[in-house]
Every structure is written in C-alpha cells, then in structure tokens.
Amino acid sequence: MSDGIMDTPHGEHAHQPATGLRRWLYTTNHKDIGTLYLLFALTMFFTGGAMAMVIRAELFQPGLQLVEPLFFNQMTTVHGLIMVFGAVMPAFTGLANWLIPMMIGAPDMALPRMNNWSFWILPFAFLILLSSLFMEGGGPSSGWTFYAPLSTKYSGNSTALFVFAIHIMGISSIMGAINVIVTIFNLRAPGMDWMRMPLFVWTWLITAFLLIAVMPVLAAAVTMVLTDKYFGTSFFDAAGGGDPVMFQHIFWFFGHPEVYIMILPAFGIVSSIIPTFSRKKLFGYRSMVYATSSIALLSFMVWAHHMFTTGLPVVAELFFMYTTMLIAVPTGVKVFNWVATMWRGSLTFETPMLFAIAFITLFTIGGFSGLMLAMTPADFQYHDTYFVVAHFHYVLVTGAVFSILAAAYYWLPKWTGHRYDERLGQWHFWCSLISVNMLFFPMHFVGLAGMPRRIPDYALQFADFNMFISLGGFAFGLSQLLFVWGVVKCIRGGEQASAQVWEGAEGLEWTLPSPPPYHSFKVPPEIRSDEH
Amino acid sequence: MMCLTGKSVFASEITFNMTRGATAISQQVYDLHMTIFYICCLIGLLVFGAMLWSIVRHRKSRGAKAAQFHESTRIELLWTAIPVLILVAMAVPATSTLLKMEDTSKADLTVLVTGSQWKWHYKYLEHPVEFYSLLATNRKQIKGEQPKGDHYLLEVDQPLVLPVGKKIRFLMTSDDVIHSWWVPAFAVKRDANPGYINESWTRIDKPGTYRGQCAELCGKDHGFMPIVVVAKSAEEFDGWIAKTAGEQAAAKAQQQDLASQTMTLPQAMEIGEKVFLDHCAACHQPAGTGLPGIFPALKGSKVTTMAENRSHHLDLVLHGKSGTAMLGFGKQLSLQEVAAVVTYERNAWGNNTGDVVQAAEVQSILKQDK
Numbered sequence: 001m002s003d004g005i006m007d008t009p010h011g012e013h014a015h016q017p018a019t020g021l022r023r024w025l026y027t028t029n030h031k032d033i034g035t036l037y038l039l040f041a042l043t044m045f046f047t048g049g050a051m052a053m054v055i056r057a058e059l060f061q062p063g064l065q066l067v068e069p070l071f072f073n074q075m076t077t078v079h080g081l082i083m084v085f086g087a088v089m090p091a092f093t094g095l096a097n098w099l100i101p102m103m104i105g106a107p108d109m110a111l112p113r114m115n116n117w118s119f120w121i122l123p124f125a126f127l128i129l130l131s132s133l134f135m136e137g138g139g140p141s142s143g144w145t146f147y148a149p150l151s152t153k154y155s156g157n158s159t160a161l162f163v164f165a166i167h168i169m170g171i172s173s174i175m176g177a178i179n180v181i182v183t184i185f186n187l188r189a190p191g192m193d194w195m196r197m198p199l200f201v202w203t204w205l206i207t208a209f210l211l212i213a214v215m216p217v218l219a220a221a222v223t224m225v226l227t228d229k230y231f232g233t234s235f236f237d238a239a240g241g242g243d244p245v246m247f248q249h250i251f252w253f254f255g256h257p258e259v260y261i262m263i264l265p266a267f268g269i270v271s272s273i274i275p276t277f278s279r280k281k282l283f284g285y286r287s288m289v290y291a292t293s294s295i296a297l298l299s300f301m302v303w304a305h306h307m308f309t310t311g312l313p314v315v316a317e318l319f320f321m322y323t324t325m326l327i328a329v330p331t332g333v334k335v336f337n338w339v340a341t342m343w344r345g346s347l348t349f350e351t352p353m354l355f356a357i358a359f360i361t362l363f364t365i366g367g368f369s370g371l372m373l374a375m376t377p378a379d380f381q382y383h384d385t386y387f388v389v390a391h392f393h394y395v396l397v398t399g400a401v402f403s404i405l406a407a408a409y410y411w412l413p414k415w416t417g418h419r420y421d422e423r424l425g426q427w428h429f430w431c432s433l434i435s436v437n438m439l440f441f442p443m444h445f446v447g448l449a450g451m452p453r454r455i456p457d458y459a460l461q462f463a464d465f466n467m468f469i470s471l472g473g474f475a476f477g478l479s480q481l482l483f484v485w486g487v488v489k490c491i492r493g494g495e496q497a498s499a500q501v502w503e504g505a506e507g508l509e510w511t512l513p514s515p516p517p518y519h520s521f522k523v524p525p526e527i528r529s530d531e532h
Numbered sequence: 001m002m003c004l005t006g007k008s009v010f011a012s013e014i015t016f017n018m019t020r021g022a023t024a025i026s027q028q029v030y031d032l033h034m035t036i037f038y039i040c041c042l043i044g045l046l047v048f049g050a051m052l053w054s055i056v057r058h059r060k061s062r063g064a065k066a067a068q069f070h071e072s073t074r075i076e077l078l079w080t081a082i083p084v085l086i087l088v089a090m091a092v093p094a095t096s097t098l099l100k101m102e103d104t105s106k107a108d109l110t111v112l113v114t115g116s117q118w119k120w121h122y123k124y125l126e127h128p129v130e131f132y133s134l135l136a137t138n139r140k141q142i143k144g145e146q147p148k149g150d151h152y153l154l155e156v157d158q159p160l161v162l163p164v165g166k167k168i169r170f171l172m173t174s175d176d177v178i179h180s181w182w183v184p185a186f187a188v189k190r191d192a193n194p195g196y197i198n199e200s201w202t203r204i205d206k207p208g209t210y211r212g213q214c215a216e217l218c219g220k221d222h223g224f225m226p227i228v229v230v231a232k233s234a235e236e237f238d239g240w241i242a243k244t245a246g247e248q249a250a251a252k253a254q255q256q257d258l259a260s261q262t263m264t265l266p267q268a269m270e271i272g273e274k275v276f277l278d279h280c281a282a283c284h285q286p287a288g289t290g291l292p293g294i295f296p297a298l299k300g301s302k303v304t305t306m307a308e309n310r311s312h313h314l315d316l317v318l319h320g321k322s323g324t325a326m327l328g329f330g331k332q333l334s335l336q337e338v339a340a341v342v343t344y345e346r347n348a349w350g351n352n353t354g355d356v357v358q359a360a361e362v363q364s365i366l367k368q369d370k
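Sequences listed follow chains A and B, in order.
Its first residue numbered 1, the first sequence is counted upward by one per residue in the working numbering.
Its first residue numbered 1, the second sequence is counted upward by one per residue in the working numbering.
Treat the hints as calculated values from the structure; they're not laboratory data.
Cβ atoms here follow ideal geometry from the backbone N, Cα and C, with glycine treated the same way.
Honestly, I wouldn't trust all of these hints.
Unchecked claim - Examples of chain B residues lying across from chain A (beta carbon under 10 Å, computed):
hint, residue
1, I39
2, M51
3, T80
4, P83
5, T97
6, G144
7, S174
8, D176
9, R190
10, S200
11, R211
12, C214
13, T264
14, D315
15, L316
Could you build the full structure based on these sequences and the hints that come with them?
This is the structure in structure tokens:
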C-alpha cells in the first residue's frame, strides 16, 4: 500500500496499521474506528440485554422473587441508557465510519484524529455509568428519562456519575456528527452531487444535524439536574420558583429528535438493501430524501406528545396531536416506496434482505401503534403502560436493531473479504423474528388491559402474558449468540467474497476489493452519470 | 394457559383490549381506539398484502425479471394525499372527545387527590372528610410466603368513595415526586405534579368497585400504590360521607383526650410498631436498617439514640427534612401516633434509650410552630 491522501502527518503508520493494541488505541483510520464502534456497540448490546434478562426474569411470575424494587428500577433505567447511548447510537456511528468514506469516494473521514477521540472517550463514559451500579445506594433508578424531582431531590449520589457519563456520551456524539457533516460536505468524489448521494449518506447527514441540534439540549437538562441536586438551584422545584414539567419539555425537546436519530440511518440501510435484493432501483429516490428531511423537521415540533397527561393546556394538546399525526405522512411515503421497490423486482432472500423485510413490516407495526398513541384521548389510556413499551421496542428493536443486523450481514463480506455463513444467518433471522414477536407483541395486550410500565410486580390477571413475554425475551437474548457466532466465523475465514459481493448491489463501496484497502479511495473515483 | 400461583384467575378478568369503562367518556375513548385500530389494520392489510404478493410472485427463483420503473410523481402524490385525508378524518372525533375530556366546569363534587411516596390522599373539598389510602396487600403475599389474593396489589385499606351520576372534578397534586392517578374505567390519567395542581373529571354511570394504579415512575415502590374507587348511589354516598365526617370529627376530639394521657413504654411500643410498619418501613426498612446511600438507617443512628437529639428526632418526624425524600408526618399522624412511633424508633432494634415520648410533648412542639 502506498501513501494515501490523509495519512502523511502520522509518521510510522503511514503505510499500514500498527500492530497489537496500539493499532486500535492510536488509530485514525475510519475502518478501524468503525470496527471499534461496532464491537463496542455489540458489547453494550449484550450488557443492556443482560439487564433486560434480569427484568424479564423478575416479571416471569407475580410477586418479588429475584431482585428488590429499587434494583429493578436501576435495571430498567440503565438498560434504557445503555441500549440508546451505548448500543444503537454507536452502532450507527460505526456504520457511518465504515461506509460513508467508501460510499462517497473518499480516502477516510475528514477529521481522523477527532474520530479517534470521539470513540475512545465512549468506553470511559460507560465505565462511569456502569460503575455507579456498585455504589452504596446503587445506580440511577429514575428511568432513562430521569424525570425531576425523582432524579434530583429524591435520587442517590449516582446522579453525579450519571450526569458526567451523559456529558461524555454527548461530546462523543457531537464530535462524531461534526465529522460526518464535514466529510460529506468536503470529501465527495467529483460528480457526486447531492441528489446522487446514496440514501445511507443522506440519512446520516440529516441525523448528524439532529445530533448537533439536540445533544446540547440533553447536556443542559443533565446539568440542571446536577445543579438542582448539589448546588441549590431550583430549575425543577416549585418551592424555589421552578417547574418539574419544564424538565420534561427540555428532555423531550431532545428526546423526540433523538428517536429519529436512532431510526433515520436505519431508513438509509434499508434503502440500500431492498434495491440490491430486488435487483431494481430504489423507487422514488427524491421523495425519500424529502421525506427524511420532513421527518427531521417535524421531529422538533412534536415533543409534547410524550407529555399529554402532564396537564398541558388543551390548545397545546391539540397542536401536538396534529403535528404528531402529520409524521405518519412522510413515514408512510417511505414504506410505500420500499414496497414499490420490491414490486415487480427479481427478489432473493439472503439474510440482509430477510432482516430488511422484517424491518419494514415490524417498523410499520410500531408506526401504527405510534399513530394510535398520537390520539390524545386514547393516549390517556395508553400512556405509561406496556402498550408504550411495545410501541417503542417495535420501533427500536425490530426497527433500529434489525436494520443494524441487516447492515452487518450486508456489508460483512465487504469488510472482512469473507462471505458469512448463510445457513447460520438464516437461523439467526428466524429465531430472532419468532422470539422478538413473542417478546413484544403480547405487550400491546398487557398494556391495553392496564399494566403500567416500570413496575417490578403486577396484578394476577397479567401473569400468563408476562410469563409468555419473558420466555420470548430469553429466546431472543439467546438467539443473538448465533449472530456473534456468525460474525466471529466470518472474520476468521470463509468463502472469498468478490468486490461486487451481491449480484444487484450498486454504489462505490462495491467497486473496491473485498476487503477494501486500508485507505479507501486514494484517487477519487469517477461517477457515472446515472449513478445515485 | 395456567397460573403458577395455584389460584385460578377469573376468566372475566382476563382482558385483551382497552376497557370500555364505566363512563360516557371512557366509552368514547374506547370507540376512538377501535376506530384507529381498524384503520391501521386496513392500511396494514394493503401494504403487507402488496409486499407479500411481491415476495411470492416476484421472486427470482420463479424466474421473475426486474422491471425498470423507479419513480412516478402521480403515484407519489397520491400516497401522500390519501394519508392526509385519512388523518383529517381521524382527527375530527379525537378533537371532539378531547375537548369534552378537558371541560372540568360545572362539577357537583371536587376531590383533591395528593400523591406521595407511596400512597394516595383524598380530600373532599365540600365535606370535612379526608384520608390516606394505602396498599392493603401484605408483604407475605408479595414475597410469595402466602397465596396471593384475587385483588393482589390492587387493594387498599380505605377506598375513595364517589357518587354515581354526578360530575366529579379531581384536583391532582403531589407532596414529593410526580405521580399519576389512573383509573382505566374512567379514562382518567392525570399527573400529580409537586407544587402544581392539575384538573380532570368523571361522571360514573354505574355503582361498583373500580381499580387503578399510579402510572408515573415515582421511586422504589411505584408498583405498590394502587387506587380503588367505590362508586355508590347518590343517597348511599350522602349517608357514607355524613357518617365518615362524624367519625373523623370524633377521632379528632378523641385525640385531644389522648394528648393528655400518658402511655407506658410497652403501650407506646405496640402502637409505634404498627405506625412504623405502615408509614416508615417502606424507606427505613422493617428492621430500621434503611438502604445505605438512599435511606438512612434508624438502628443505632445518632438521631434515634442520643439523648440530646430527642427533640430533633421529633422535629424530623413532624416536619421532614428539606432537600431529601423525608416528608413531614405532622399532618397525617395523630399526636399519639407521632409520640408512639418516635418512642418505638428510640427503643426498637437495640436502640434501647428507654425514652418514652408522650402526646403532650408532641403537642407542645406543634404549638411552638404557631
């Protein structure tokens, strides 16, 4: 390998990666950093997953069997934080690192040193967060939404560690987002106009803007929690002129765009995979771009739909109900476009396609329950029940996580140069599909029947359903070991993959050999005029 | 399906859907829920149907050749416009129901609902009646040492009693963290925010017992603060409220008498233990050990064992400690109960101070406040 464009400043590993631990610690290479992010996300997925197993084990039967209520609350809280900030978001950043330079014809990310830094502060953030579980009084237990004053006056001292951990995660996300934006704006190969960018690049660009817009809002929220608890301020305390509901406004002004941060890149992934295995161009590329942008803009106008029961004035309830319903329109356009892409294609069903089809179907079910939740009067009944838990797990697990699994299978041959074990992938898919629906589908019914979320024990009429749900949960957890097995097997060897890998795949990353060279494009590729 | 507790669950209690409830509003909410549900099913049928058709018919293994089309402005406009129309159609009934739910005017009766960790307090604003409502399921059932009752976790010591056919306005607030008062049968779920008051209302159609739970995570025992409402006919309600008002007035008068009485140590310990288990043990634990880092221990602590801290101890129980989860119990316990529980805390678990606090001492502290 000869000199790349970006690697002249860092002397001894200009030509090829350093070896051993130093390669990973000092790396400024987008592929190495992408790999680090993805492995970190996988580790966190199992850490957060283990906590979900504790939750489901306690809920297996009515009564308190395994854990105390306070520890149960710590599990639900840290499970949520780990999965959102430790699993889904870093996984998408890992994919962005690996793929964006290869997709736009760049040698690397634009800001490689910052790239290293934004990854390497992340493990420390989670060490801080997880270590709080071993403090006297335990870890944070006021939910991943940490509503004040439960998280301020009524919380333990883990609050301080939790706040600093969130700050570090936020800094990491913002740096990652800046890097994505700078890379996409500056390093596109000549001829790659905006409307020729692959959708994964588009969706990540929009996601990056969302991140920069809302992560500081989260930082403000946690800082106010910190000062309310330790420095005598009263942002969220009525006794000092504050308002606990203001916390929720601030939190959800971050929180709602945040849920789109966790789904827009998934839209990009599915928009890459569906055309490949349909052997047909993506239907409505332009409307996909416009729909993604509309969803991002609308995401700033819907936050109070999380707060219908807090006592909003009726005009606000109406406003947020209407804006929330409106989100169904661009989201619908996306689903229709994917189906239209499959329509009269020439379909094959390799593992990435299976996960992508499952994504479309199950994400749409999550969208339906989202639409139901948007109806304020009905929301009064659904709010804070298992119906909501079912809703957001359909969107985040069968949505975001399934898209990440699809992406892993789709690009693994490119990354490693080996084809993954297709039989194992199919087993993983079918086990996941069945168990995830056993796990989350009955939650709709338990919620409608009246079971509140975040409770360690429940009334007897919910017993049968909860046992079934727990069994689904354990099965889903175990199924993911098949994924690890498949990934390890693929990294260690397997049938050599061609550059193209998939018959119907289009895009610059498929023009590079598998595995691609350490520095992706040393010479900018030429873009054919019909390409996007 | 089976139930592992060994106790049969009544088939009528197993529901798979939202309740129709016991009020006109809850029926409307149910109808709205079903309407949206059916619309979603219809859309789902079309979309998933088209997808399934593709999966079956347009697969490469059947020799399908991919078509070339990849956009159509007309179709894309169409599937943007049609959903908008469906949404407008859904927004109409949702708006009208919401406006009705938010109209709290012209109420016949107002109840102030106050949440605190982890119980509800009800106060009838037109009548001199107020009381706390606590979980009645005992710890042994929760720990699996006793079979669970039919209304496991959904039973209270003193239910809220309401008349049927009257418009009842609820005012919700909280003493500590945010709680949420939810009775599915009334389609009422409203947050109880500390320092603020929220409003809601209901008009119950038929007499009966209606059960609900706190819906907002409010700390350790969030899962253990149920709501039970007993709806009675207007006449029965009038009788009940008159009787309860009389009983509460008598209890207050009796408290004055008790304040002048002297308790022996065993008497105080007996009353104190009961008060402690009902009101204090959730945080400070039945053995007084607290939860390190969250709730302080009372066993062997400076406050409960040192003679010079006796009045400080009383002050903490009466007024709470600001900036912490410790509430003041001055308004919910009688003078005698405060005296007894402080005595208990100063003598139980090997604290053995020998102190006996009398109701008169508590009363003198409260008088100083005024």
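So, going through the hints one by one against the coordinates:
no.: 1; hint: I39; result: 8 Å, holds
no.: 2; hint: M51; result: 5 Å, holds
no.: 3; hint: T80; result: 6 Å, holds
no.: 4; hint: P83; result: 5 Å, holds
no.: 5; hint: T97; result: 4 Å, holds
no.: 6; hint: G144; result: 5 Å, holds
no.: 7; hint: S174; result: 9 Å, holds
no.: 8; hint: D176; result: 7 Å, holds
no.: 9; hint: R190; result: 6 Å, holds
no.: 10; hint: S200; result: 9 Å, holds
no.: 11; hint: R211; result: 8 Å, holds
no.: 12; hint: C214; result: 7 Å, holds
no.: 13; hint: T264; result: 37 Å, violated
no.: 14; hint: D315; result: 19 Å, violated
no.: 15; hint: L316; result: 16 Å, violated
The structure shown violates the earlier hints numbered 13, 14 and 15.
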